[in-house]
Amino acid sequence: MVVYSFYIFDRHTECIYSKRWTPSTTSNNKAVKSNALSNGNIPPAARKALSKEDDAKLIFGTVFSLKRMVRQLGGEDDSFLSYRTGEYKLHYYETPTNIKFVMLTDTKTNNLRIVLHQIWANLYVEFVVKNPLSPAEHPGGVGVSNELFELGLESFISQVLTA
Amino acid sequence: MPDIYVAACNCNGWTRRLAGLSTSAQWKGILTKIRSFTVVFTLLIINKAGGLIYNRAFDSSLAALSSNDSLILAGTFHGIHAIARNLCPPSALPSSTLSSASSTSFTSNPSASASALGTRATPATGIQVLETARFRLTCFQTVTGTKFLLFTSPEQPNVDAILRRVYELYADFVMKNPFYTTEMPVRCEKFDRGLVGFLVGAR
Chain G
1 MVVYSFYIFD RHTECIYSKR WTPSTTSNNK AVKSNALSNG NIPPAARKAL SKEDDAKLIF
61 GTVFSLKRMV RQLGGEDDSF LSYRTGEYKL HYYETPTNIK FVMLTDTKTN NLRIVLHQIW
121 ANLYVEFVVK NPLSPAEHPG GVGVSNELFE LGLESFISQV LTA
Chain Y
1 MPDIYVAACN CNGWTRRLAG LSTSAQWKGI LTKIRSFTVV FTLLIINKAG GLIYNRAFDS
61 SLAALSSNDS LILAGTFHGI HAIARNLCPP SALPSSTLSS ASSTSFTSNP SASASALGTR
121 ATPATGIQVL ETARFRLTCF QTVTGTKFLL FTSPEQPNVD AILRRVYELY ADFVMKNPFY
181 TTEMPVRCEK FDRGLVGFLV GAR
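Protein chains in written order, with my numbering: chain G, 1 to 163; chain Y, 1 to 203.
Excised from the complex, chain Y in its bound form (with noise of 0.2 Å):
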């Protein structure tokens, strides 16, 4: 834990202060300045029909939603998310380019319009990172569906290993319960507990 503590302060230039550091009393004060640069705040999942399964606070410091309003920002997310891979200009679409070289070699190399037939072209994405003032927003989405939104504050590093971290406990604690339902509200105490100790410990 210190390790990430070094990390965090190296990049806002804090090392010389850490060095003379020996007492917990003078940590505290220093990581309660250190708290407003990095810190992951919510954390979301959305199954595939849009519907909230997973809400948990890490943080206070984003405005804290009734249980019906976290209901409703991830059901007007899941659109938004939808909305926004229908929106992708035709020309940012990686497979324009390919499908235009493939119509024009059809006729005359049967071979390569066989390669082009069998590559499929990968659809668009929806919304990845939402950025205003105050926070960050991180959307993963699985190839099953399932979205896990990251709420963190705008200088947080690493946040795609965040993510992938927080999926891999997922993966472990809430997919491999034999007695969890998918697509139902998670509760599961492992996968609390395995959160809790990952980010808040990662401050």
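Chain G on its own, in the form it takes in the complex (with noise of 0.2 Å):
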């Protein structure tokens, strides 16, 4: 199983946190920028100059809209669970608080709602929650990216998700 980034948004829809993986390190980088082939042609991968900023963007409306749509057709108590393209899939989560998980992987995952659940009980809960020094709300992202939160999620999606 492979996984391609991780969102957290809270809930005045701003992105408080984010990762992405590229498959050829290990540890987190932003996105390669891929240069042209000497023969002229762009690789489709090249096009591809989202930074984080708008990617976490764009992955927030689009959930948004997706859940609103789903809650207009299934009822009130309907929740969109997850999405799949050819290439990828997306889980999505979101506790009664409006923190919001969202998880990009590969196509052949099966639903990881259990996991982010895991995540953000043991992780997020444990780690930035009960955290006195970070402030109750985090504007930006500032609190979030703490230490002990970055070891347990890489330790986690490395050990559990990915072996």
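Calculated from the structure, these hints are not laboratory results.
Where is the CB? At the ideal position from N, CA and C, for every residue including glycine.
Some hints here could point you the wrong way.
[To be verified] Here chain Y is said to cover these stretches of chain G; the calculated rule only asks that three of the stretch's residues, wherever they fall, bring their Cβ under 8 Å from a Cβ of chain Y:
#1 62-70
#2 80-86
[Said to hold, decoys possible] Derived, one-sided and incomplete: chain Y residues facing chain G with beta-carbon distance under 8 Å:
#3 PHE58
#4 CYS88
#5 PRO89
#6 VAL129
#7 LEU130
With the hints as a guide, bring the two chains together.
As structure tokens, this is what we get:
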């Protein structure tokens, strides 16, 4: 199972945490910008020059619209779980406090809702919410990417998911 | 038709109950229970501009939308489908390995790069399946940009086969209809009858 990226959005529609993985390296990097080939063809990967912030905004907009559409069709208590395209799968989990967890993986993954719930319960609540030094709200992501949370998330993803 | 019911019951473990049934009343009692498992709710067809051209509900379990709401929903989904294509992570594109291989072999082996030039990278696709707690939405996009949205219950098997059959009906009764203008709302009685005969009976 390959994990491509992971985002956390708070209830003020802001992205408070985002992380991307590239397949060649093990630690998180920004998306590597590839150069044009010497024969003049630009590989499709180079057209994606979206920065982390643009990606996060697009993802939030998509998820918000899909959630509204699902609520309209399935009734008030229906919830959007995931969607799959030909190349990737997006998993979504929202906590009762309107914190949204989004993860992009390959298409073969099953429902990661339980995994996202675990990330929330064991990593986010433990290391971010219970941190006495972090503020109650996280405008601009302040207070979320502390060391314990990052380490915990890395080990969780590398050992539990991609093992 | 009975084969389909037996097949549906097989996967739900009801075969023993069905063996002794003889009257249609007993069939109906069982069928109302089976109905909740595998159902096709709605079919929507969206043209390549994002406009809704066909909307038909086969089961009333999903919330009924007014025609205005369905138009808005179709347009919204058309936009989200395109955005999902742009959100594709660059490492997920299958052609990324092909392009990196051809870049290293360009100077050493021109013939290999010529064959690499000939193959076109497949573009990213949009949303194909959307899962929620109550329903599953499957989207089949044709090469001409027409999207077929099928809303089914989450356990419905063979959604791809159903969509393929719907596409066949569309090609036969809508596209080959000489009085039908492309990208316009679909008003073909034969298409409706074919759909009802296929989808309502497949429950």
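Q. Which numbered hints turn out to be false for this structure?
A. 3
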